[in-house]
Amino acid sequence: MTGLLAIVAYYAVWFDLIKKDINIDFLKKSSLYGLLLFLLSWLSGGYYYALYYGNVVKPIIKIGPYPWAHTIFMEFKEHIFLFIPFLALVVTLCFFLLENNIKGNKEIKQSITYLSAIIVFLSTIITFSGIIISGAVR
Amino acid sequence: MNKNLKLTNALISGAIVTIIFVVIITIFADLYLPLKDLLKQYFWHHWVAKGILSVIIFLFSACVKYTFSKETLEKELSTGLNSLTLISICSTIILLMFFFYETFY
Amino acid sequence: MDWERIITAFHIIGTVFGVGGSTFAEIFFLQALKDGVVDPSESSFLKITYKVIHIGSIIILLSGFAYLLNLRIEGHSQYIYSTRTIFKIFLLIIIGLNSILFTLKKIPFFIASPIFLTSWYAAIILGLWRGLHISYLSLAIYYAVATIIVGVTLYYIKKFLRLKL
Numbered sequence: 043m044t045g046l047l048a049i050v051a052y053y054a055v056w057f058d059l060i061k062k063d064i065n066i067d068f069l070k071k072s073s074l075y076g077l078l079l080f081l082l083s084w085l086s087g088g089y090y091y092a093l094y095y096g097n098v099v100k101p102i103i104k105i106g107p108y109p110w111a112h113t114i115f116m117e118f119k120e121h122i123f124l125f126i127p128f129l130a131l132v133v134t135l136c137f138f139l140l141e142n143n144i145k146g147n148k149e150i151k152q153s154i155t156y157l158s159a160i161i162v163f164l165s166t167i168i169t170f171s172g173i174i175i176s177g178a179v180r
Numbered sequence: 072m073n074k075n076l077k078l079t080n081a082l083i084s085g086a087i088v089t090i091i092f093v094v095i096i097t098i099f100a101d102l103y104l105p106l107k108d109l110l111k112q113y114f115w116h117h118w119v120a121k122g123i124l125s126v127i128i129f130l131f132s133a134c135v136k137y138t139f140s141k142e143t144l145e146k147e148l149s150t151g152l153n154s155l156t157l158i159s160i161c162s163t164i165i166l167l168m169f170f171f172y173e174t175f176y
Numbered sequence: 004m005d006w007e008r009i010i011t012a013f014h015i016i017g018t019v020f021g022v023g024g025s026t027f028a029e030i031f032f033l034q035a036l037k038d039g040v041v042d043p044s045e046s047s048f049l050k051i052t053y054k055v056i057h058i059g060s061i062i063i064l065l066s067g068f069a070y071l072l073n074l075r076i077e078g079h080s081q082y083i084y085s086t087r088t089i090f091k092i093f094l095l096i097i098i099g100l101n102s103i104l105f106t107l108k109k110i111p112f113f114i115a116s117p118i119f120l121t122s123w124y125a126a127i128i129l130g131l132w133r134g135l136h137i138s139y140l141s142l143a144i145y146y147a148v149a150t151i152i153v154g155v156t157l158y159y160i161k162k163f164l165r166l167k168l
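Chains as they are written, first to last, in our numbering: chain A, 43 to 180; chain B, 72 to 176; chain C, 4 to 168.
These aren't lab readings, by the way, just hints derived from the structure by calculation.
Idealized CB from N, CA, C, for every residue including glycine.
Please note that the accuracy of each hint is not assured.
When the alpha-carbon atoms are kept at most 27 Å apart in a straight line, the in silico DSS-like pairs for lysine-lysine are as follows [claimed, not checked]: (1) Lys54(C) x Lys151(A); (2) Lys74(B) x Lys151(A); (3) Lys77(B) x Lys119(A); (4) Lys145(A) x Lys77(B); (5) Lys108(C) x Lys151(A); (6) Lys37(C) x Lys61(A); (7) Lys121(B) x Lys141(B); (8) Lys119(A) x Lys111(B); (9) Lys37(C) x Lys148(A); (10) Lys71(A) x Lys146(B); (11) Lys91(C) x Lys62(A); (12) Lys100(A) x Lys111(B); (13) Lys62(A) x Lys162(C); (14) Lys108(C) x Lys145(A).
Taking beta-carbon pairs under 8 Å as the criterion, some of the chain B residues facing chain A (in silico) [as the list claims (entries may be wrong)]: (15) Ala120; (16) Lys121; (17) Gly122; (18) Leu130; (19) Phe131; (20) Ser159; (21) Thr174.
When you get a sec, could you build the whole thing from the sequences and use the hints?
Following this line, the structure appears as structure tokens:
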């Protein structure tokens with residue numbers, strides 16, 4: 043759930059960045075909430091994965107009709123999620139440290155827009171992977 | 072002002088190095104099981120190990136970049152951000168292809 | 004506590020906001036097109052409607068996820084792979100991407116608007132149509148055809164009302 047809220051926060055960041063006039067205060071708040079939510083998701087997801095998934099859920103999936111749900115999607119999800127908080131940290135700190143540069147420089151603004159879009163795409167793929175994994179637990 | 076540019080550039084470099092590290096250690100740990108066992112031995116779980124090592128690598132590389140880099144221009148910053156975006160995309164594709172390969176071959 | 008009922012209630016509220024919001028956004032936009040210019044008061048109505056759609060989308064996203072989580076906890080994981088569920092997720096992604104492309108002016112209003120309307124109404128129809136047995140491909144084809152029909156209908160409505168397109 044925290045991951046979903048983080049996606050919403052970064053979608054809002056991406057959406058605001060593509061407008062002509064950006065609201066830097068909104069971008070700071072939204073990206074910071076998104077970062078904190080990603081970190082929370084990292085901790086809670088990691089806790090669930092390390093303590094529960096490996097011993098209880100993974101064996102069920104592996105003997106079930108969709109073993110690839112673990113070998114592809116879970117492996118993919120757990121490793122891609124390792125670098126999303128770092129991407130979110132870079133975007134958040136860009137808004138706090140480079141406020142004037144973002145407003146004045148089209149190139150920097152465009153680069154941060156692309157990075158925010160990638161964060162949204164990767165997080166969406168991770169969420170979708172989670173749905174596929176859950177559906178494989180029969 | 073330039074300190075902010077320098078710090079942001081250092082963080083971008085740290086993130087790039089971290090992502091490359093995650094890809095390398097993931098592939099090697101899956102192909103060379105003693106490495107996976109080593110990570111489990113020292114950090115209790117291989118994923119926890121990768122997480123902790125990622126944070127250490129990020130902080131270390133960001134500090135090194137900040138310490139040894141000279142003035143940072145805005146142009147460098149946008150190049151750095153675009154590189155980070157590109158490396159994230161490539162890493163995602165590499166990992167997906169690797170896991171598909173591991174499953175079906 | 005009947006979590007399923009609570010989650011379903013929130014899901015319906017989110018859908019109502021989204022469907023109602025997109026319908027009224029279309030009506031307000033048609034109204035604004037009468038003189039060919041969107042003036043400040045018309046713009047403010049549209050902004051409020053878009054905000055309602057955003058709130059509806061967030062409620063749907065969170066309640067939809069809660070619904071999937073409930074299915075998993077209750078041991079009904081097989082329904083997670085159902086055509087209706089997967090297609091509704093796909094519709095939410097389409098709505099999100101459509102908003103971005105429309106804001107970036109990569110797609111014109113006459114393409115974005117039928118996609119918005121069809122997606123929201125398709126979500127509500129799929130939600131109501133329990134026991135629907137259909138393949139993903141058939142559903143995708145019906146959706147594409149419905150979007151074209153809605154687009155053509157909106158075009159003729161604008162022409163009939165003699166709006167400045």
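Tested hints:
Proposed proximity of Lys54(C) and Lys151(A) is supported: the alpha carbons are some 24 Å apart, at most 27 Å. Among the hinted pairs, Lys74(B) with Lys151(A) is consistent with the structure: their alpha-carbon atoms are about 19 Å apart, no more than 27 Å. Annotation: proposed proximity of Lys77(B) to Lys119(A) is violated, straight-line Cα distance about 32 Å (limit 27 Å). For a cut-off of 27 Å, the pair hint linking Lys145(A) to Lys77(B) stands: about 18 Å separates their Cα positions.
Pair hint Lys108(C) plus Lys151(A) holds up; C-alpha atoms about 17 Å apart against a cutoff of 27 Å. Taking the CA atoms of Lys37(C) and Lys61(A), the gap is near 26 Å; set against the 27 Å cutoff, the hint holds. Restraint check for Lys121(B) and Lys141(B): the C-alpha separation of about 31 Å exceeds 27 Å, so the hint is violated. The suggested pairing of Lys119(A) with Lys111(B) holds, with an alpha-carbon distance near 19 Å, which does not exceed 27 Å.
Of the pairs offered as hints, the one joining Lys37(C) and Lys148(A) is violated, with about 36 Å between alpha carbons and a cut-off of 27 Å exceeded. This hinted pair checks out: Lys71(A) and Lys146(B) have alpha carbons roughly 26 Å apart, not beyond 27 Å. The suggested pairing of Lys91(C) with Lys62(A) is violated, with an alpha-carbon distance near 31 Å, which exceeds 27 Å. A threshold of 27 Å between alpha carbons decides the hint, and for Lys100(A) with Lys111(B) the separation of about 18 Å falls inside it, so the pair holds.
Pair hint Lys62(A) plus Lys162(C) does not hold up; C-alpha atoms about 31 Å apart against a cutoff of 27 Å. About 21 Å separates the Cα atoms of Lys108(C) and Lys145(A), which keeps this hinted pair within 27 Å; it holds. Contact between Ala120(B) and chain A, as hinted, is not supported at the beta carbon level, the nearest pair being about 11 Å apart and thus beyond 8 Å. With a cut of 8 Å, the hint placing Lys121(B) at the interface with chain A holds, because the nearest CB-to-CB distance is about 6 Å.
Here the hint on Gly122(B) is kept, as its CB sits about 6 Å from the closest CB of chain A, short of 8 Å. Look at Leu130(B): its Cβ only gets to about 11 Å from chain A, farther than 8 Å, so that hint breaks. About 13 Å separates the beta-carbon of Phe131(B) from the nearest beta-carbon of chain A, more than 8 Å, and the hint is not met. Because the beta carbon of Ser159(B) sits about 5 Å from the nearest beta carbon in chain A, less than 8 Å, this interface hint is met.
Against a cut-off of 8 Å between C-beta atoms, the interface hint on Thr174(B) holds, since the closest Cβ of chain A lies about 4 Å away.
Of the numbered hints given earlier, the model fails hints 3, 7, 9, 11, 13, 15, 18 and 19; all others are met.
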